[in-house]
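Q: Sequence:
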Amino acid sequence: MESTKQIKIEIRNRWTGSVVFEYTKEGNTITETVLEAIRRGADLRDTDLYGADLCNADLRGANLSDADLCDADLRSANLSDADLCDADLYGANLSDADLCNADLRGADLRGADLRGANLCGANLRDAKGCYLSCPTEGSFIGWKKASGCIVKLRIPEDARRSSATGHKCRCDKAYVMEIQNMDGTKATEDTVRSDHDQNFVYTVGATVEVPDFDDNRWSECAQGIHFFVDRRAAVEY
Numbered sequence: 002m003e004s005t006k007q008i009k010i011e012i013r014n015r016w017t018g019s020v021v022f023e024y025t026k027e028g029n030t031i032t033e034t035v036l037e038a039i040r041r042g043a044d045l046r047d048t049d050l051y052g053a054d055l056c057n058a059d060l061r062g063a064n065l066s067d068a069d070l071c072d073a074d075l076r077s078a079n080l081s082d083a084d085l086c087d088a089d090l091y092g093a094n095l096s097d098a099d100l101c102n103a104d105l106r107g108a109d110l111r112g113a114d115l116r117g118a119n120l121c122g123a124n125l126r127d128a129k130g131c132y133l134s135c136p137t138e139g140s141f142i143g144w145k146k147a148s149g150c151i152v153k154l155r156i157p158e159d160a161r162r163s164s165a166t167g168h169k170c171r172c173d174k175a176y177v178m179e180i181q182n183m184d185g186t187k188a189t190e191d192t193v194r195s196d197h198d199q200n201f202v203y204t205v206g207a208t209v210e211v212p213d214f215d216d217n218r219w220s221e222c223a224q225g226i227h228f229f230v231d232r233r234a235a236v237e238y
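Following the working numbering, the numbering of the sequence shown begins with 2 at its first residue and continues without gaps.
I should point out that these hints are in silico values taken from the structure, not numbers from a laboratory. Source: prediction; values computed, not measured. Don't take every hint at face value.
[As the list claims (entries may be wrong)] Each computed DSSO-like pair below joins lysine-lysine, with the alpha-carbon atoms no more than 27 angstroms apart:
id, residue 1, residue 2
1, Lys187, Lys174
2, Lys169, Lys129
3, Lys9, Lys26
4, Lys6, Lys26
5, Lys169, Lys187
Based on the sequences and whatever the hints tell you, model everything.
A: Here's what the structure looks like:
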């Protein structure tokens, strides 16, 4: 029986090109090489992992600070407690990844897919690209689909507001300006019920509030008035 080919994979420093760690085994993969490097205590700071396939990898507590993970596939990877300070995660796929308590200070998250990622407790100070989808201050207009209609909301200046990784936002209170049909014409109804809570109603001219609003922005489905800044997004939701 023919044996599987021995494959050597090298992990290099992104700045100098020098080999930081190398690993050879039958059917070797970049995931196995990275995991072996971590197991052996290799220093993976500043490493070149551009485009690496690390899907489902267990990288708990790994030190990947300043690493080049641009366009890396990190879907469903466990990066809890990992050090990703100043890491380049531009365009990386982090969907459904566990980033709980990860250090992402100064990380470049522009273009990264964070849908479904767990960012509870993550430190995102000075991270690039991880901005709210709604204005951080002042009053603005929001749009919500409810009972087959579109509700035009004015989110007041003092409202608490939040968004996770997508375009959907949340706030703790809003003034109901108008109820519209999908095509933008004024609806005959002046009151509609929430699709998720039939006891929560939107009445034209009234202010609706959610007293138990959850300030954790990464809990996308938490308590709050859910809305979109772009009317088209509400229509398509």
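Q: Evaluate each hint against the coordinates.
A: Hint check results:
The suggested pairing of Lys187 with Lys174 holds, with an alpha-carbon distance near 23 angstroms, which does not exceed 27 angstroms. Of the pairs offered as hints, the one joining Lys169 and Lys129 holds, with about 20 angstroms between alpha carbons and a cut-off of 27 angstroms not exceeded. For the proposed pair Lys9 and Lys26, the alpha carbon gap of about 7 angstroms is at most 27 angstroms, so the pair holds. Pair hint Lys6 plus Lys26 holds up; C-alpha atoms about 8 angstroms apart against a cutoff of 27 angstroms.
Among the hinted pairs, Lys169 with Lys187 is consistent with the structure: their alpha-carbon atoms are about 24 angstroms apart, no more than 27 angstroms.
Violation of the numbered hints given earlier is absent; every hint is satisfied by the structure.
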